[in-house]
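Novice: Chain by chain, the residues run as shown.
There are 2 protein chains.
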Amino acid sequence: MSTEPTQPETATPTTPAAAAAAGTRLDPWFGSYSARTRGMKASEIRALFAVANRPEVVSLAGGMPNIADLPMEDYADAVADLLRSQGTRALQYGSGQGDPVLREQITEIMALEGINAHPDDVVVTTGSQQALDLVSRIFLDPGDVLVAEAPSYVGALGVFRSYEAEVVHAPMDAHGLVPEELDRVLTELAARGKRAKFLYTVPNFHNPGGVTLSLERRPRVIEVARRHGVLILEDNPYGLLGFEGEPLPALASMAPEDVIYLGSFSKTFAPGYRVGWALAPHAVREKLVLASESAILCPSNAAQLAISTYLSQFDWQAQVKEYRRMYAERRDAMVGALAEYLPTCSWTVPEGGFYVWVRLPEGLDAREMLPRAVTALVAYVPGTAFYADGSGSEYLRLSYCYPTPERIVEGVRRLAGVLNAEAELVGLFGTGGTSRRTSVDGPSPDVS
Amino acid sequence: MSTEPTQPETATPTTPAAAAAAGTRLDPWFGSYSARTRGMKASEIRALFAVANRPEVVSLAGGMPNIADLPMEDYADAVADLLRSQGTRALQYGSGQGDPVLREQITEIMALEGINAHPDDVVVTTGSQQALDLVSRIFLDPGDVLVAEAPSYVGALGVFRSYEAEVVHAPMDAHGLVPEELDRVLTELAARGKRAKFLYTVPNFHNPGGVTLSLERRPRVIEVARRHGVLILEDNPYGLLGFEGEPLPALASMAPEDVIYLGSFSKTFAPGYRVGWALAPHAVREKLVLASESAILCPSNAAQLAISTYLSQFDWQAQVKEYRRMYAERRDAMVGALAEYLPTCSWTVPEGGFYVWVRLPEGLDAREMLPRAVTALVAYVPGTAFYADGSGSEYLRLSYCYPTPERIVEGVRRLAGVLNAEAELVGLFGTGGTSRRTSVDGPSPDVS
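Residue numbers (this note's numbering), protein chains in the order written: chain A, 1 to 448; chain B, 1 to 448.
Treat the hints with caution; some may be incorrect.
In this list, chains with the same sequence are indistinguishable; a pair is considered to hold if it fits within one copy or across any two.
[What the hints assert, rightly or not] Result set (DMTMM-like, lysine to aspartate or glutamate): computed pairs, CA atoms no more than 20 Å apart in a straight line:
#, residue 1, residue 2
1, Lys194, Asp183
2, Lys194, Asp141
3, Lys321, Glu424
4, Lys41, Asp81
5, Lys41, Asp183
6, Lys41, Asp121
7, Lys41, Asp120
8, Lys194, Asp120
9, Lys321, Glu223
10, Lys41, Asp173
11, Lys41, Asp332
12, Lys41, Glu188
13, Lys194, Glu368
14, Lys194, Asp69
15, Lys194, Glu166
16, Lys194, Glu181
In short, the hints are calculated from the structure, not lab data.
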């Protein structure tokens, strides 16, 4: 994995020769980059994560789904049959919008969350990350504002930054985004003469917050957004991975003309084909297709047909039930270990998805603590990764999706050791992250 | 496929309500789009091509490779074995830069064109279209200038337009880009106070020009670019598809610090996995990886491992030889038919690749003629698609990659009927495209 070049990124000499003369000879093209590139940074924790991938480290950092239980033997046969019967189609260019049969199947999946969509309003993308990129591309000019929950998915914040947009956070609590707070944030923006281009929200089993937007609040969030003329970008990779009860109705099911909905096969099947989708109001969908054709010509036919085959020939809903059972067990392991080993912290208890959001005791800083955690063979993501403004140092995200329950417990135990040593230091010397406690409120920890 | 919404794209009301009031009620989010989206247009010939895809039409328009002769049975078995033995890796997230084994294999492929590259300087992309997008993303600010051959690949022009860049064309002749003309164009830019961010060039079997940059000119093009401080973007999907002799050395083999080289499996194997790559100077490669992670997180592991399997378990170079033989036969069919049926036109005779570039006789306009051609059941791409400035109407691109030799001959015969009827009209009424004959010179037709 790469790290950031070390030359200063201030001067912008206009020729390679001038760049070299200015001491940036490590990169002769340094003076040629676009403004958006000058704001592009490798994560500061990236080098650390290269270490964290060593097998002796318990990583509670990643968001990799556990796909070990997929029926791989049978699936291999099905893919081989696909190539034998439709190989020249699977290996050829396809439609920019995506395979029509897969788009039809996608509408059936979305129906499970109450969405009544037409396949013509679906665009297949290279994972839902590409959908985030395309939506940003068609809506965001440099300096534009959007509203996102506090905290928000780190990958979305990176996309918004790459389009040089300003992210304003709106607080969540244990029931998700707070409509009154959203109203306040949008009103304050209006007072500054700004209208947010969209609201970015992960309503179900929030990454990283671990909370879910309550059914009661959903129409209220829509009402607030609509009153302010703000489009909603509903990112929903985890919606079918609730541990109990039925999926909540998507925002897109309640306000199809006001919502761009993003879905993905990465968590309900597997991420390796990089297939996700966007459902959008018709005119927006047209723009998304044009933007996608410019970006990649067309999504992979081979990937789409392989997923379409999985959906039609396997009991994918039974597999999702199995995933739910497995992830619920891991959630229980993590929450149990937190109660046992980290009584001085507070945390959210997710009803689905992959993540627990932990608040550290007063005085501790998750980012400063990370190198010591990795030394103690446990990794997490510091809360700062999930705020656009550098706040969030009193939080950390723990994921329970990939390690076994035993490893999760061991990871939390190791984390407790680091935390206790850290707390002792703070007690002795009074150092720590207290001065940084200025984050927009994350989900309330009182649900723990 | 989509068509462009019909509302005017001039006013930009600031709220959905205002947009509706302004008569744009077809799209409530019309006022929210970014500047780059307002410049985004569906091709005017798109609707026509939907018709041209009917089986009774001979399409000489598309660039789809003919992959019917791939060893599909054996390949299906190999992919099934891959899923059985490495399924949980193939279906999992991967590295943002791309699979290390595939990157090693890619360096071996590039060695065939004299490139001595390290796998660490290779980035795997979602087809080389994504590489074009990423390079544009990291280098182009709105208003920036780049130089591209006249004519240039339509998909690249679309990307450059989406980044709001200005394309300045530099003339080609039968031996490819003319170094003296490139020097003149860059000198004129300098006089305007502009430095081109890069030179976009397709040196081998040009799309759409059908010509190849001569060996003698290659160091001269590099010298000119270097003297003006201009990076070279070498797009080379067809380099291994020459009909005779050995591949020419890539520009990247002669000036690795001055060139970003783009490669693709779409033409040497198959396009359906959407796997291409960029080789870039190290510091640029770092930016490309960060940009790609923002755009798609990571390329598809399943696609990369499937291609890696093909490269290691099949005699892919023998398959490329077979492709060459097949495409040479089709080139011969097309050139023979042109000589027989279209003696009033002139054309390039490609030594590889997929395309012939045809110049119409005085007075004819390829864009105006296209609907009549489709009615006569033959399709092509008008030259205007390959110029950023709307010129090129006296040219058209014919591709011989996908139809059989018999269909190619029949297509050219039909085209001749359209052309003769058109020429008669021009003779009778004096209408036609003469007033548009202001294109920057395309490849000289004197090689025909």
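Novice: A separate judgement is required for each hint: does it hold in the structure or not?
Specialist: These are the hints, each one checked on the structure:
1. For a Cα distance limit of 20 Å, the shortest separation of Lys194 from Asp183 inside one copy, 14 Å, qualifies, whereas the shortest one across copies, 46 Å, does not.
2. Proximity of Lys194 to Asp141 under the C-alpha cut-off of 20 Å is restricted to the intra-copy arrangement: shortest distance 13 Å within a copy versus 24 Å between copies.
3. With identical chains, the CA atoms of Lys321 and Glu424 are never at most 20 Å apart, being 44 Å at best within one copy and 70 Å at best between copies.
4. In this assembly of identical chains, Lys41 and Asp81 lie within 20 Å of each other by CA distance neither inside one copy nor across copies; the values are 44 Å within and 39 Å between.
5. With identical chains, the CA atoms of Lys41 and Asp183 are never at most 20 Å apart, being 32 Å at best within one copy and 35 Å at best between copies.
6. For the homomeric pair Lys41 and Asp121, the shortest alpha-carbon distance between copies (18 Å) is at most 20 Å, but the shortest distance inside one copy (35 Å) is not.
7. In this assembly of identical chains, Lys41 and Asp120 lie within 20 Å of each other by CA distance solely across copies; the values are 19 Å between and 37 Å within a copy.
8. In the homo-oligomer, the alpha carbons of Lys194 and Asp120 never lie at most 20 Å apart, since the shortest distance is 33 Å inside one protomer and 44 Å across protomers.
9. Within a single copy, Lys321 and Glu223 get their C-alpha atoms no closer than 33 Å, and across copies no closer than 63 Å, so neither meets the 20 Å cut-off.
10. In this assembly of identical chains, the alpha carbons of Lys41 and Asp173 never lie at most 20 Å apart, being 30 Å within a copy and 42 Å across copies at closest.
11. Taking CA atoms no more than 20 Å apart as the test, Lys41 paired with Asp332 passes in neither setting, with 36 Å inside one copy and 51 Å between copies.
12. Neither within a single protomer nor between protomers do Lys41 and Glu188 lie at most 20 Å apart by alpha-carbon distance, with minima of 30 Å and 35 Å respectively.
13. In this homomeric assembly, Lys194 and Glu368 never come within 20 Å of each other (Cα to Cα): the closest approach is 35 Å inside a single copy and 45 Å across copies.
14. With identical chains, the CA atoms of Lys194 and Asp69 are never at most 20 Å apart, being 49 Å at best within one copy and 58 Å at best between copies.
15. Only within a single protomer do Lys194 and Glu166 lie at most 20 Å apart by alpha-carbon distance; the minimum there is 11 Å, versus 30 Å between protomers.
16. Taking CA atoms no more than 20 Å apart as the test, Lys194 paired with Glu181 passes inside one copy only; the shortest distance there is 17 Å, against 48 Å between copies.
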